[in-house]
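*Asks:* Put chain B on the given structure of chain A with help from the hints.
Below are the chains, spelled out letter by letter.
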Amino acid sequence: MSIESILSFHEVDYGYAKGLPDAVNHLDFEIPPASITAILGPNGAGKTTLLHLALGLFHPRSGEIQVGGKPIHSYSRRELSHWIGLVPQNEYLPYEFSVLEYVILGRSPYLGLLDMPDPEDIEIARRALKTVGILHLADRIVYELSGGEIQMVVVARALAQQPRILLLDEPTSHLDLSNKHTILKMLHGLSSNGVTIIFSTHDPDAASQIADRLVLMRHGHVLDAGTTGDVFTPEKLTRTYGIPVKVVKVNGLKIALHEEEYE
Amino acid sequence: MALLIAVPLAIILLSLFIGRYPRPYWMSPGLLSSDLLARSLVLNLRLPRLITAFLLGTSLAAAGAVMQMLFRNPLVEPGFLGVTQGAAFGAGLAILLAGSLPLATQTSAILFAFAGLVFSYLLARRIHFGGWVLRLVLAGIAVSALFSSAVGVLKYLADPTSQLPALVFWMLGGLYAVTWSDLLSILPYVLIGLTFIFLMRWRLNVLSLSDETAFSLGASVERERLLLLVAAVAITALMVSIAGIVGWVGLIIPHIARRIVGPNAARSIPASMLIGGSFVVLCDDIARSLLAGEIPLGIITSLLGALVFIIMMAANKLRVQR
Numbered sequence: 059m060s061i062e063s064i065l066s067f068h069e070v071d072y073g074y075a076k077g078l079p080d081a082v083n084h085l086d087f088e089i090p091p092a093s094i095t096a097i098l099g100p101n102g103a104g105k106t107t108l109l110h111l112a113l114g115l116f117h118p119r120s121g122e123i124q125v126g127g128k129p130i131h132s133y134s135r136r137e138l139s140h141w142i143g144l145v146p147q148n149e150y151l152p153y154e155f156s157v158l159e160y161v162i163l164g165r166s167p168y169l170g171l172l173d174m175p176d177p178e179d180i181e182i183a184r185r186a187l188k189t190v191g192i193l194h195l196a197d198r199i200v201y202e203l204s205g206g207e208i209q210m211v212v213v214a215r216a217l218a219q220q221p222r223i224l225l226l227d228e229p230t231s232h233l234d235l236s237n238k239h240t241i242l243k244m245l246h247g248l249s250s251n252g253v254t255i256i257f258s259t260h261d262p263d264a265a266s267q268i269a270d271r272l273v274l275m276r277h278g279h280v281l282d283a284g285t286t287g288d289v290f291t292p293e294k295l296t297r298t299y300g301i302p303v304k305v306v307k308v309n310g311l312k313i314a315l316h317e318e319e320y321e
Numbered sequence: 019m020a021l022l023i024a025v026p027l028a029i030i031l032l033s034l035f036i037g038r039y040p041r042p043y044w045m046s047p048g049l050l051s052s053d054l055l056a057r058s059l060v061l062n063l064r065l066p067r068l069i070t071a072f073l074l075g076t077s078l079a080a081a082g083a084v085m086q087m088l089f090r091n092p093l094v095e096p097g098f099l100g101v102t103q104g105a106a107f108g109a110g111l112a113i114l115l116a117g118s119l120p121l122a123t124q125t126s127a128i129l130f131a132f133a134g135l136v137f138s139y140l141l142a143r144r145i146h147f148g149g150w151v152l153r154l155v156l157a158g159i160a161v162s163a164l165f166s167s168a169v170g171v172l173k174y175l176a177d178p179t180s181q182l183p184a185l186v187f188w189m190l191g192g193l194y195a196v197t198w199s200d201l202l203s204i205l206p207y208v209l210i211g212l213t214f215i216f217l218m219r220w221r222l223n224v225l226s227l228s229d230e231t232a233f234s235l236g237a238s239v240e241r242e243r244l245l246l247l248v249a250a251v252a253i254t255a256l257m258v259s260i261a262g263i264v265g266w267v268g269l270i271i272p273h274i275a276r277r278i279v280g281p282n283a284a285r286s287i288p289a290s291m292l293i294g295g296s297f298v299v300l301c302d303d304i305a306r307s308l309l310a311g312e313i314p315l316g317i318i319t320s321l322l323g324a325l326v327f328i329i330m331m332a333a334n335k336l337r338v339q340r
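Quick note, the sequences are listed as chains A and B, same order.
Our numbering puts the first residue of the first sequence at 59, with every later residue one more than the last.
Our numbering puts the first residue of the second sequence at 19, with every later residue one more than the last.
Chain B on its own, in the form it takes in the complex:
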């Protein structure tokens, strides 16, 4: 566990000096005292971006770990209750109607992410067969499909020279535009959500058992699941609203965390948070430093995430019951 805290701290510290100023890849820390531009760059651009990247990874991985426990399914991820596709639709709608106004895009993304969740939840309540988990999964798939086809319509309608590139870049995710004010506007809510999940981590173990067993152990099953679900979706939606869609983190990081510390959520939740944060910081280092232009963050996380996933499967490290 000490290693799980020391490594992320080291990654954050080193990442402050990774970039393309004054020359590609590495800035000497001594420059901070002598070069005003370097100091301003580190404090006003790199630091908020780094913290956002860490929070993004922490939130997506924590939300993924929560959902994989609640749904007793290792293949679900934070976006799957209509949340990500809802956010994508909301952002796309704002880009088409309001131009590339960042605040409008963010607000609309959050609103539609929650619309996705509420819609999935209400639909799940209307379904009259199967258990609670199956109903939510089915409803989530249907709502995601609806929003994703609506995104297709938006792409078709978008002006190919001005609006389409903005839309596509948002869908690929990136932190290039993040400022202190973006970060501070969502920071309190994200921290509340993460703290709640962290404190409820023991309960999460109980809620991963069958409904009747969790009930017999004193849990108010539906209410507690709903609270954790809302917390997971809220932090996902908030982070997606300023970062765009960053794939695979919420799916793959909880698996890696469970491989390292075991499935007990008492340990796997904090481990997911720390590993997820470090992973996205590293991916963002690559995104902003590797080439002269910005590479969309979502491409790096998906590429690395898929590679790790394939390696884990090939090495038979991914254990799923039945």
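Isolated chain A (complex conformation):
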């Protein structure tokens, strides 16, 4: 394994239950630090499973996952939570927490089991809100916000955790064009500040806009992994989605379209 990769999968297999076919097979790729990687593939390709494996939530049936050059299972729960933060696809908040209260929960990895957050934790949470540009929402109730705003709040919570790797599960799938742009721009800024970003998406355009690297997935397999320039091709996308795909360039940006034209 190269020292350059912050996260790597080596021949990882995982199945949810005995007797069922494996959810993912032979996952094998490396992710360099401070890069943006998109896990791209159709619904049900195993993208969320891959993220949960990278989080340490699932244990591979065989193969090995390394974080920072060490096997993921050699970290304690607490150590691992200093490395990796998660923005899940649907965050569920049962009660009317304020935005700031929710973001402070991101400080939990640094608190003992019986500790309470101190003023410094609150300051870090406020800085995270400022980073994603929603400090003005600090005192609002989370679930009264719009979908796009909630997504930013969840990202701020994960940033308050100060992780080196940020995993995001379909961060743009429920968002309109403007919110999608805001999120992608913010992820780009975070990676410039040294955070390694890994996000899953079924939207090729979201991937091609900001990702340095792509991991193409279909039916639980990695079809291809590499730089966006090498992997974002009509042939590879066609294999990934199982429909004829063409790639067109608009203002220097590559866009994937269905081959068929509408009259």
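Worth flagging that the hints you see were computed from the coordinates, not collected in a lab.
C-beta atoms are modelled at their ideal positions from N, C-alpha and C, and glycine is treated no differently.
Heads up, a few of these hints could be off.
To be verified - These stretches of chain A come out as covered by chain B in the derived footprint (C-beta under 8 Å, 3 or more residues): (1) 109 to 122; (2) 126 to 138; (3) 150 to 156; (4) 170 to 176.
*Replies:* Coordinates of chain B only, in the frame set by chain A:
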């Protein structure tokens, strides 16, 4: 917060002098130095009963608040993992088999309360669909139904003149028979459980998030949930074993606490404890003073609890997401 501590203290102090001796409703504090019977009554009957009432409310409300966070559902209460119905069955069985021996009733109630929890937990592990929360809820409902029908069988078999009244009175709850020795026998364990919940209150916030988020924040989700759950069930079972079934406290008090201090468990757990304790002390004041005979405590808490709940709903004060 200062008010949340001052008001319960005042309620406890005043309640020492509420009762039916020497005449209904109020005893002059001066009587404590001049009337030996009054002093003995306050120290040996009212004081242990008051402390038990406060602990009962504190425990039920804390357990309710913990469960509403852990299950991310504002409508669950401490009894719902088969615990209350298990305790009722245990107490009923003891009343039928051993007569109205208090120690037998208490022990059997605690044993079956935990049997209810263990049974629910094992059943939840056997279910192969849905998330952990859904599985526990389903298992709890099934186990509660089983025990509650078994209680029905016990009622049917009970001798209607001797055993049935004891059984029914236990199910309605009451603190009329509480002594210092009853209280002291459970006090250490209840205090340990309450302290554990109080200290874990920040963690409770994390555990109310989705499983994968709580995990990503460093929580050992299943283990920590189980520990908190056992603490909540243990204090409930211990209090139910000497007080019988006292309904609605565990459901309604956490709602009131969240209305006052917000949902953050750092504040809502201590607030639930203090408000719950005060509420049950007040209900018990009514239960023992209003009429010449004892009114079952569970009737007062359910009546007041349901009224408060209805008022909150009508005033649109009860906010539940979706």
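*Asks:* Return the numbers of the hints above that this structure violates; sort them in rising order.
*Replies:* Of the numbered hints given earlier, the structure breaks none, since each of them holds.
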